[in-house]
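Undergrad: Protein chains in written order, with this note's numbering: chain A, 126 to 250; chain B, 113 to 311.
Think of the hints as simulated: they come from the structure by calculation, not from any bench.
We treat Cβ as the ideally placed atom computed from N, Cα and C, and that holds for glycine.
The reader is advised that the hints may include incorrect statements.
To give a feel for the contact side, a few chain B residues facing chain A, derived at Cβ under 8 Å [to be verified]: (1) Ala126; (2) Glu149; (3) Pro151; (4) Pro154; (5) Asp156; (6) Lys158; (7) Asp235; (8) Gly243; (9) Asp291; (10) Ala292.
Using 30 Å as the maximum straight-line C-alpha spacing, the simulated DSS-like pairs for lysine-lysine come out as follows [said to hold, decoys possible]: (11) A:Lys154 / A:Lys200; (12) B:Lys116 / A:Lys221; (13) B:Lys158 / A:Lys232.
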Amino acid sequence: MSNAFVNVTVAEFSCVALHDGGSIRASLKGNADGAAIDALASLLAQVHVEAARLGASETVVDLRELEFMNSSCLKRFVTWISNIQALDGSARYRVKFLSNPTMHWQKRSLHALRSFADDLVTVEA
Amino acid sequence: MRGKLLVGVVVLWAVAVVGGMAMLADYKYRPGARADEQPLWPADSKLARGRAVPTLVMFAHPKCTCTRASLTELAELMAEARGNVRAHVVFMKPSEQDGDWAHSDTWDQAREIRGVEVSIDVDAAEAHRFGAQTSGQVVLYGVDGRLLYAGGITSARGHVGTSIGHRRLLALLTHRATDAHTGNVYGCALAEREKDAPR
């Protein structure tokens with residue numbers, strides 16, 4: 126995975142972010158609990174910097190293999206999306222979440238994120 | 113011999129008194145379980161959220177007597193906020209209980225607070241959505257749906273008076289800076305059933 130700019134594993138959580146053509150793709154796996162908070166925050170911060178640098182129009186976040194995310198980690202996503210909202214209109218980029226419909230927590234959490242920023246966030250099952 | 117017996121009785125009495133006071137203090141000042149704070153307003157909540165003003169939700173167990181103090185503080189906060197908040201008090205009720213089960217004195221107290229919408233939460237479904245676990249838990253969400261505060265509004269169980277939580281909430285509702293966005297909650301577990309709820 127030569128074009129990965131983040132590749133971190135902490136306890137039961139791992140995340141990879143890579144350039145995918147003109148956009149960015151981040152994949153999260155495992156269990157995003159208290160041990161994952163710093164790694165997740167760092168991932169999202171770096172994704173934000175890279176998206177701005179590339180002028181990306183969309184970032185894909187693949188959660189299909191993420192089994193659990195606690196509210197502290199969800200808060201990091203809220204902060205990230207708030208940071209996107211704070212950008213000038215032309216600099217904003219969309220966030221597409223790839224979800225696993227068999228995981229109930231994803232439905233609730235992603236629904237809340239989409240309600241928070243329905244102009245930026247899409248969810249694909 | 114009688115003297116020693118008397119001293120022994122006095123010592124035992126003192127130990128019992130001090131021990132009882134310590135137990136009472138521990139009960140009064142031991143916070144309840146913290147909420148699993150939801151950073152965004154739960155999208156599946158049935159509660160109406162304010163679009164122009166923040167929304168406050170207090171979760172209550174109708175048999176928790178400590179919650180009287182939380183409601184007293186809420187009444188004061190509502191007056192201080194001067195309409196700058198939409199507020200709900202949500203009383204949990206197990207589905208197996210009849211409709212009047214939740215209509216306790218605290219229900220009546222909540223209904224008397226001006227500007228507060230009072231509702232029943234069957235099987236604590238809303239409490240679960242918001243991650244609330246303790247009676248008296250308050251959450252405040254901004255107009256954008258972001259969590260602004262999660263915690264209690266009293267400084268101890270059943271204690272009316274100045275509290276850090278009240279001060280922080282008032283600051284947020286009056287657009288002033290606050291040092292933190294959480295606080296301890298003092299009350300009974302929302303999951304308790306009627307048979308084991310405190311009297």
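Undergrad: Each hint should be assessed against the structure and marked as holding or not.
TA: Do the hints match the structure? See the list:
1. Ala126: Violated: closest Cβ of chain A sits about 45 Å from Ala126 (chain B), beyond 8 Å.
2. Glu149: Since the shortest Cβ distance to chain A is 5 Å, the answer is holds.
3. Pro151: holds (4 Å)
4. Pro154: holds (6 Å)
5. Asp156: OK, holds: Asp156 (chain B) within 8 Å of chain A, min 6 Å.
6. Lys158: With a closest approach of 14 Å, the Lys158 (chain B) hint is violated.
7. Asp235: Result: violated, 17 Å to nearest chain A Cβ.
8. Gly243: holds (7 Å)
9. Asp291: Violated, because the Cβ-Cβ distance from Asp291 (chain B) to chain A comes to roughly 19 Å (cut-off 8 Å).
10. Ala292: Given a least distance of 15 Å, the restraint on Ala292 (chain B) is violated.
11. A:Lys154 / A:Lys200: holds (18 Å)
12. B:Lys116 / A:Lys221: violated (80 Å)
13. B:Lys158 / A:Lys232: holds (16 Å)
In summary, the numbered hints that this structure violates are 1, 6, 7, 9, 10, 12.
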